[in-house]
Structures are given as C-alpha cells and as structure tokens.
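Chemist: Chain by chain, the residues run as shown.
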Amino acid sequence: MEDTNANRSAALQSGAGKYLTFGLGEEEYGLEILKVREIIGLMDITKVPRTPEYIRGVINLRGKIIPVLDLRRKFAMPPVDDTDESCIIVVDVTDENGTTLMGLLVDTVCEVLRIAAEHLEPAPSFGRGIDSGFIQGMAKVGERVKILLDIEHVLSTSDVVAIHHLAEREEPAA
Amino acid sequence: MSAGAYEERLARLCAEVVLLEPEGALGPLRGELDALADLAGARGDEHARAALADALNELEQAGTGDAASRARAFAALGTTLARLEDAALRGGEALDACATEAADPEVLAHYLAHHTEELARMEELVVALEAEDDPERARELGGMLHTLKGDSALVGFDDVAERCHALEDQLAQRGAHAAADELLGAIDAFRQRLAAARTGAHAGPVPRAPVGESAGRAGATGRAPGTVRVEATRLDLLVDRVGELVIAESMIGQCAELRALGSPQVSARLAQLEKITRELQGLAMSLRMVPLRATFQRMARLARDVARHLDKEVEFVVTGAETELDKTVVDAIADPLVHLVRNAVDHGVDLPDERRRRGKSAQARIELRAFQRAGRLCIELEDDGAGLDEEAILAHARRRGLVAADVRPESAAVRAMIFQPGFSTARVVTEVSGRGIGLDVVQRAIQALRGRIEVRSNAGHGTTFALSLPPTLAIIDGMLVRAGRQRFVLPTLSILHMLRLDPGQMHSVLGQRRMLGFGDALVPLHGLLERLEGAPPPSDEEARHVLVVEHEGTRLALRVDEILGQQQIVVKPMTSLHVARAGLAGGAVLPDGTVGLILDLGTLVSGAPSHVSAMTHEPVPS
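Heads up: the protein sequence lines correspond to chains A and B, in order. Be aware that the first sequence starts at 1, since it is given in this note's numbering, and climbs by one per residue. Be aware that the second sequence starts at 1, since it is given in this note's numbering, and climbs by one per residue.
This is chain A alone, in the form it adopts within the complex:
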C-alpha cells in the first residue's frame, strides 16, 4: 500500500503545472492546460441518435464536427438547465486512433491555476472496486480541493458514477 502511494506521489511530482479549473455543481475540477485547445460559449448542439446520454451531441467548430460530452451526465450528476455561464472546453483527446478534438460541457470555467507539487495528493480510494484512475490527483488550493481529471481516462471509463460525492467527503478532511 505504501509502495503504491510512493509510486503515485512520484507520478504526481510530474503532475505539477498549470491547470484550467472549472465548476460542476459545487465541485471544482482541473484539466491539464496543455490538453485544452480553447473555451467556447454554448452554441446549438445537435443531438446524435442512439449515442449515450452523456454525449450531448455535436457542434461545428470552424468546419470541424466535434462531439460534446456533458460532464454532469458522465459523472451521473443531476441535470441542470444551461446558463449563461455554461461553457464548452475543447480538449485534445488521444487514443489508439490518434488525437481528436472533443468538447466538454461544464457549468462554469474558473481560472488557470499553477499547482505546485506539494499541493498535489493522489486520488483517494473510493472502495468497493470503483476505478478512480480517471482522477489524476487532488489539489489543495487554499480551502478548496480541486479534482484533477485525466480526460482520456474519463472517456474510457464507464465507472465514474460515484464521483459526485467526492468533494463532500474530501473537503472536511482537507
């Protein structure tokens, strides 16, 4: 167990750097800034039949058609109406077929943060076999905890259902 933690923190050392943070409900998440292409306002999203619910649909990004993932739905959070603050974060996603663009629909975009290695912690265990691999780590910034996402892992994981309880459990501890 200690070994695992040691490995993890070693990995996290390299995880220090700049992150774009965004809000989903009460929680704040972070994405490695190098993965982020741009942030665009909400636009008309075309629903694609027979795709999972968390795929909000597709948009035209200057001639390229890219899918938009509803992160709330992906994390099984209760749906809310889109607001003026709702944004699409366009990220590079690398899989075995190469790099593609994908939009992430989030409640609000916060800021770009430099996160130092000493503020990083490994992802907590959720127990009962829940895969937490899509969490790159947790960052404590002031009083807040930001959940740093491994976006490729988020997309390949179906097991992210329980994550929305995460911050509630973590915050008192922090």
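Simulated from the structure, these hints should not be mistaken for lab results. There could be a bad hint or two in this list.
To be verified - Only pairs whose alpha carbons sit at most 20 Å apart, straight line, appear in this in silico DMTMM-like list of lysine to aspartate or glutamate:
1. B:LYS572 to B:GLU541
2. A:LYS64 to B:ASP236
3. A:LYS47 to B:ASP561
Dock chain B against the given chain A, drawing on the hints supplied.
Modeler: Chain B only, in chain A's frame:
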C-alpha cells in the same frame, strides 16, 4: 562495336589526311573514305555518310583539275573529317554520359514516367494474351517492347534495352502465351529498375521544379510533361477550404437580410457567385479522382500468379475499371481486394480436374467489376467455384460456441459468420472448404471506409463478395428534412419520391399503420425518429411529409415533419461517435453554422439501428 570502328578509322584518317600530299595518289584515300561512308551508313548516321560521299566526289573531280582545286578539295575534306570527328566525339560523350548518370534530366524523367505507365499496359497485354491469343494485342506488345528498347538505349539503360531485345525474340519465336512468365518477370524487373532510377533522380542534385513553372520543367520531377505533382495534404486542404467556401456561399445565399434588399443586382451577383462556387467545387473534387484501372490490373496479375502457382486455370475478367473514385479510397481498398482475389483463386475455385468432375469447364472464371448504384460505388468479385459450405461454417461456429447447438440461423447469417475473427485461421480454412483467410480484416477495412461487405453464395455455382462504398465525394446533393427538433440530410440520389401523407394511403398490417401504398406496391412506412432511435411512431396528424427512399433495391417510406429543401452538403467525418452504428453517414455543416446529420440509408433500410443492443460491443450471435 561498329561505332567504335567508325570512330577509330575516322580519327586515323583525320590524322593522316593532313600528311597527304595533294599531288599523291588518291587510290588508298578513296578506299578509306568509301569504307568510312559504309560504316557511317551502318550505324545509321546518314548525315556522316552523305558528307563522306560528297567529300569523295569532290576529291575525284579535283583529281582531274589543277593543283589549286585539288588543294581546295583536300582542305574541304580536312574540315569535313574534322567536323565528323567532332560530332562522333560529342555523340560518344553523350552516350557515355547517359550510361553513367548525366542523361538529360528531362529526357530521363520523361522516360521514367512514360515507361512506368507503359509497363502497366504491357503487363495488362501479357495477362490478356496469355488468356487468349490476339494478333492485335501481340502487335501492340511487340511495338511497346521495341519502343522501350530504343528509349532505354537512349538514356543509357543498356541492360533494359538488351533484355527487351531478348524478349522481342522470345515473343516472335514462342508467342506471348508461352513467353508470359519471362515477359512478366522482366516487366517486374523493369519496374523496379525504373523505380530505383526514379528515387535516385529525386535524391540527386537536380532541384525539383517549383509548382507553377512550365510543364516542361515539371517533367523533371518525374511526371510526364503537362502534369504537376502536388502533395496529397495540400490537395486535401484545398478540398477542405472549398468545402468551407461552399458553406459560406450558401450562408450568404440564404441570408434573409440580403434577400430583403430585393436588389436585382445583388441577386445576379449572388447567382454568379453560386455558379463559380459550384464549378470550383466540382473541379476540386475531380482532382482527387482516379480510375480503378491500375488497382484492377494489379488484381488481374495477382489472380494470374496465384492461379499459376496453384495449377489452376482461371479466366479473370475485369469490368468497370474506368470507374473513378477518390484516390484515398482506391488506395484503401487495394489490400482488401488482394485478400479477396487471393481467396477467390485459392479457395473459391477448384482445380481443373475437380471442376470437370462437377461438369464445369476446366477453366474457372472470376469476375471483378465496379459500377455505381444509387450514388454508392459497388465492387463485386464473383467466382464460379463451389460456393460456401454453409454446413461446415455452421458446424465450426457451433464448436466455437458462437451459435447454440439447437439454433439454426438463416443462410445469410451463416454466411456472414465468415467475417468473424475466429474464422481466420488456416486450420479453419480447410475445414470450411476454404473461405475465411482474414475476412474479418477485410470487413474492418471496408467498414473503416463507411462501406459494407456482403457475401452471396450459390452452392455449387460460386460465391460473390459485394462491396458497397458510400459516395466518396466529400460534397453531395442532399435533401434537408426536419424530424422533431433535429435536422437530417438524405442523399438526394436515394430519394424516389416525396409526398404529403394522405391517411388513405396508409395501410394497416397486423393492426398497425405501417405500409404506404406507393404505385402498385406497399412500402414499409416509419417515422424517421422511430426508425432511427426507437421513438414512438408518429400519430396520423404528425410527420405528414413522406420521403420514399431506395437502397440497393429495398424501399422504405420515412415520415418527417418538414422538408426544408435541397442543397449542397459538405460531408464531415464523425468517426469518434461510432456513427455507422447510429445509422448515420456523417455530419454536415448547415448554412446557419449548426450541424445536420447525414443519414446512412443502408442501415436505415436494413433496419440495423432499430435495436439498442447494437450499441454494445459484444458480438451477439442470436
């Protein structure tokens, strides 16, 4: 050799003639000049022969005249010989240079480009001649060999020239049929030789002519004069940008504010803009189109080689080779086709004895054909072999647990099993009378092109693999429709008829209104969203617009809420969402900048997307 003798004697005479006394006897000189003229004639140097004959003539006349005229004649002879020697030396130099490397780069480039193409034609001729003797073709082949010989000698490819010479002899003595192996072997060798020379030419110090220089200079990059080589990525970019232009143009064309102006001038200019855009678009698309000929020719050669290897007699017939499609698609289907052709010869058709026993001709027939149907490109490979052994396939599937012992799937489902990965081992191949080498790979490759592959089989009479590829054009004519809040695009080519729904036309089957009376026939009637995503069927009052569509002979009537009109649609890939499974062929950017979904009629008509289970990854053998 004769060239060497001529030059030697010419050089000697040149040296001697200055020593000769004009008063001396003409006898030996006359003999020498005669011999030299003969040699020049023998090496085809008509100019030198004539000049020598003239010089001799003058000398003879001067011999009867005074000393001055003899001296003049001698001087003239001296200059003639000097000029001839100079020419011979330069000619020799040029020949030597060719033999090493410094042949005129343009000549060499033209030679390489021209004969690389010619080799393909020669190969085609040999394969055809081997199957059936044809004096016309034999003559063409002979002519091509001869030209290749001459041109090869010209650029110093003496090895090629010599081999051509030997092949010409073979062809004349034994005929193309008997000499086919030598001919094809030589063609392969030539091809490699030329390819090597070509890359060498590129790697060499000769700078590539920039695009935009004269066609003649472009020839130096290895293409025939009149063509320009362009990187495929730049071409893609052009097609992409033109696609954007088409979208931007239609946005302007449909701009309500501009229309509200009601200005005839603006309308006229817009019409002109539209016309130019269409032309440009057609042009851009055509740049990428290439005929299938070269690929099909490769297949004919492959079939021939495999058949030869297996001692089978196969007549390989190609039709529709002039069909054009996108270069990337042509490249992408080559490997799957190689698989299929090899399979057809290897496993599809039997050995001659076996065929005779079955009452067939000893020579098997395999046909590769391409044609357009309903906007899709179809490629079919048909053999007249034994057909698929469905029992063996089923037995194997049962052993592998793909099919339960008590289940008897339909023939089509059994045949489709050969595309399962498990059917790709050599052991299985023999068990199921030979089909299945890498057919799963073939299927994946075709699906990656948004295409489909099917197999038809007639036990004892043959097997047909039918590939169907979507419209390869990135811009199609589409009909924009609305269903619910979503807008969809149907390829206009697939629409037979559009009508407003009259409840009287709807016919109830099994208590449900499901059929549309269309002409004399009944066509299944569905709401588009019902068909696409399992939405509840529309009520009689909803979705009153109907599109009757046809795909590969199957008709379907689709109800939509609104028909928004026809327009040029730029097809954009949407691969990351597994659109094929969702019944979509891609996305399109609509004039208002949003995305419309292009329907894939194949899956819509066959009904494949109507089960949500299709979304899962597991193979579901029912």
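Chemist: All hints, please: hold or fail.
Modeler: Going down the list of hints, with the structure as the test:
1. Taking the CA atoms of LYS572 of chain B and GLU541 of chain B, the gap is near 34 Å; set against the 20 Å cutoff, the hint is violated.
2. Note on LYS64 of chain A and ASP236 of chain B: the hinted pairing holds, with a Cα-Cα distance of about 14 Å set against a maximum of 20 Å.
3. Between LYS47 of chain A and ASP561 of chain B the alpha-carbon distance is near 17 Å, which keeps this suggested pair within the 20 Å criterion.
Hint compliance for this structure: hint 1 is the single one not met.
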